[in-house]
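Engineer: These are the residues of each chain, in order.
2 protein chains.
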Amino acid sequence: MADTTTDRVPIDFRTEPARYKHWKLTLDGPVATLTMDVREDGGLRPGYELKLNSYDLGVDIELYDALQRLRFEHPEVGAVIVTSGKERVFCAGANIRMLGQSSHSFKVNFCKFTNETRNAIEEASAESRQVWLCAVNGPCAGGGYELALATEWIVMADDANTAVSLPEVPLLAVLPGTGGLTRLVDKRKVRRDRADFFCTTEEGVKGKRAVEWNLVDEVVPRSRLMEAARQRAGELAARTDRPRGARGVALTPIVRTIEGDRIAYAHVTCAVDRRRGLAEITVAAPPAAPPADPAAALAQGAAFWPLAVARELDDLVLWLRTNEEPIGLWVFRTAGDADRVEAYDRLLLAHPADWFLREVRLYTKRVLKRVDVSSRSVFALIEPGSCFTGTLLELALAADRSYMLDGTGAGKPAPTLRLTAVNFGAYPMINGLSRLASRFLGEPGRVDDLKGRVGQDLDAATAASAGLVTFTPDDIDWEDEVRVAIEARTAFSPDALTGMEASLRFGGPETLETKIFGRLSAWQNWIFQRPNAVGPKGALQVYGTGQRSDFDRRRV
Amino acid sequence: MADTTTDRVPIDFRTEPARYKHWKLTLDGPVATLTMDVREDGGLRPGYELKLNSYDLGVDIELYDALQRLRFEHPEVGAVIVTSGKERVFCAGANIRMLGQSSHSFKVNFCKFTNETRNAIEEASAESRQVWLCAVNGPCAGGGYELALATEWIVMADDANTAVSLPEVPLLAVLPGTGGLTRLVDKRKVRRDRADFFCTTEEGVKGKRAVEWNLVDEVVPRSRLMEAARQRAGELAARTDRPRGARGVALTPIVRTIEGDRIAYAHVTCAVDRRRGLAEITVAAPPAAPPADPAAALAQGAAFWPLAVARELDDLVLWLRTNEEPIGLWVFRTAGDADRVEAYDRLLLAHPADWFLREVRLYTKRVLKRVDVSSRSVFALIEPGSCFTGTLLELALAADRSYMLDGTGAGKPAPTLRLTAVNFGAYPMINGLSRLASRFLGEPGRVDDLKGRVGQDLDAATAASAGLVTFTPDDIDWEDEVRVAIEARTAFSPDALTGMEASLRFGGPETLETKIFGRLSAWQNWIFQRPNAVGPKGALQVYGTGQRSDFDRRRV
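Note that the protein sequences, when read in sequence, are chains A and L. Heads up, the first sequence is in my numbering, so the first residue is 1 and it goes up one at a time. Heads up, the second sequence is in my numbering, so the first residue is 1 and it goes up one at a time.
Source of the hints: derived by calculation from the structure; they are not laboratory data. Take these hints with a grain of salt, some might be off.
To be verified - Using 20 Å as the maximum straight-line C-alpha spacing, the simulated SDA-like pairs for lysine to any residue come out as follows: (1) L/86 <-> L/23; (2) L/187 <-> A/437; (3) A/365 <-> A/127; (4) A/189 <-> L/465.
Said to hold, decoys possible - Taking CB as the label site, the calculated pair distances span: (5) A/289 <-> L/221: 52 to 62 Å; (6) A/553 <-> L/17: 33 to 43 Å; (7) A/553 <-> L/14: 26 to 36 Å.
To be verified - Stretch by stretch, here's where chain L covers chain A in the computed footprint (C-beta under 8 Å, at least three residues): (8) 138 to 148; (9) 177 to 186; (10) 394 to 408; (11) 512 to 523; (12) 526 to 535.
None of the values given here were measured: they were computed from a predicted structure. Here a beta-carbon is modelled for each residue, glycine too, at the ideal position from N, C-alpha and C.
Let's have the full structure, built from the sequences with the hints guiding it.
Structural biologist: Here it is in structure tokens:
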């Protein structure tokens, strides 16, 4: 099987509308329309054609970019219609040739990113009050229907040609990889026996039955489809709390410098240590005090420190995940002035009605969730000069474990960490809980107690007894203990660590997102390894060749 | 890799204390002690020695049998102490050589069965009021600690030799396969960073730290271990509602006849159709009216119809799952008098305080759950002469889909189905909901409406409009529609179906059990496929050879 990730040009997640090949964004006051019109010859890699509005990672990178820009650059938009620009098809889903020629890890990474984008679409509807809906104007299969499922209203043309379907099991011997099964039974609450029939029926379901089974919300004659979608969009947009007259924030290009194994942004730097198998990531505190109010923050635009840090971390996480697969451990450090981090946190929470500050907070939440689900071990090192405070403290709480020096280092002041109000719910994990609440599942009272510590500098002994850090070696032990922990971690089987971390990180309640990243992805990854899907006679390999799959019939 | 399941003697799950090789059951009034003393040369298969109280499926079959007998044969027992009969070890977990030489499907099946037994231990504590606890009298590693985690109180010897550990990730590059990770963070609510350290530390944690981290409940000097365990067991037993003076029910041997591809019990028959890849299972209604009251039911003992059916179905499910792997579809039928099934259901629910009827209900619940998690497609065919009523209707509700004939067949009366009170909560699924509630997640009001239909004979049209069946072909279509559905089902990739069914069957809330069968098992299955674990240089293969594993370092 060809490996589309290594020995190739790295994949860059940065783009902008002027460079889109596959999507067109149309604005009409409070309603935006995002039209999918995939260029067949516009694949990210050679070897496949993106026929029938099928997509690859490149298509999804543009969708992600559009989603981000709609939220930040278009405060006036309260509803987004997704539709197809092709005459005869809505979307055929992920490109099968592309999947067939991709490595296991590339497929897994691809599904993870597309899942994150669909989750972010649902978050936009629920929390940004920019409600997405879908106008299905032709066959809508697999990943195409999963994109529709991520929106809040699906209107479908009622014609002989148009149906929704999840043909992955019957056609490809894999699962719908972007949350489709979970959203069927848990979001749309389709009856399980109907879901069973639907997911084993290549041709899918159309018309009245699709509405009756709650696979779509509405069917209308083809001629009235866009009118119906626009009417619904207008109604939804009318209920938004987003400001019609506000000015958006241009998401100017992220400046990233790569020199050898060093990746640098304005506030985030990363040193990749290939020999030891780890990436050392440092996030810098704001270089100055925060702006005085939301208007001043808005005026700073993409340079506003929390937004800039979120964008840089987002880009770095995607880069490392996709282009640095053998780097299994991410070590987070912070550097700078804790007071300034705290001051920014105060600004972020002081104006809950401000659309821009809300977007910044939600984006930071999404980036932290990306760290949580990245299939990399995460350590935090809390050393002299660090500023694990509030928003940046979340990185230590996201870590699988943290080490805090109980000592002064080379004459520097002993490190401290500091809680701010953001640690108590501003950035919920995929399980819906704050990282503090997840940490203290067994002692919820501790979270309340910690509220009394907000703003205090907690030294290593205090942080340890408060349960906020894992280990607090002293000056004598620090270097050895950290070194040994890192060496041990990077020596373990990467696969076992992925499964272990996925199981330990998300205790407590389950949500649509934990089901998608926990249960559904794990099954899909398993199937993506099995000869019935990816072997020489597997369904993904023989698709389109005219050959038949040859399955091992043993049930596991 | 050797395949320990095919071309070998089939595995039989029937046993009895007189044949135990590995466990000793001691009774002392309300407290039972189950002592694990594994015979090194007593493995189920050749090729490995069960050193250090490590176990294979044979050891676990005996544990399961002991659990069943404690519940049915010993109403006087209110607490069960699990401990080791070895001087220097509690339990080293699943035998690694055995895992190394087992096929993928055997490993998965092994983990599924051991998981079900541990879940049943927790159910015994919670619902049979027979509370399990664990006296850890030596190193307690991997599956050994997972067994301890399934009990409600872990007391451990405080000595230099004794520790609890989950060394699977560092030592074997796999996950603890029996719920350990989930129980750490979700049952015992161990802080996730401590769980991370614990699960990556071969030598484990002992003494005071084990208590502080909530890995165990209590440590005591070795000399006082059994005394402490017995004291706690006595306290727990004193709180049970089980009747001290009652007589138990002997679980007499299950009579199973296998002739060619036909498996027959008293009330359950199964025809294996190898060519078509399916098993046709028929459950017969009671041959007579139920006994008049609980005392009369108790007097019937193992012949009491609901208990006999549960035992036969249990044995059949385990047999098919383990010994008939290529049979991917189970088709359920019922036959007989619906009134009698309903009468038995009434008896079962009319005496909620009766220990025996409670055990029968709980056992039926466990057997139905085993069907749900069996990685087989399940269809129900509702034909003339059937009796899908109450308890037996659960089989149709457990099915991925059901077909009910809307017609009279060859002159027979048209089939009907019938709800009884048991369908509204007596047999919750692993998600904690009844099958009806799971079915109507999107329309909970329907469940209440159906309560008004209890006891009515519902014909195909009524059953369809009530949402109780999937399809209702008429006489003309029946044969073709059913045949085509079966042919299509058995042609799909078995792996894709397993992942799809695991995702569609359990909508709604998640529990410890759904996390174990959904998330944790899926990750483990994935890892069980990966070269880092099972390849020629994988950790499971090189264990004990002195060679080092050679890992693909790419993180997925």
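Engineer: Enumerate the violated hints, using their earlier numbering and listing them in ascending order.
Structural biologist: 8
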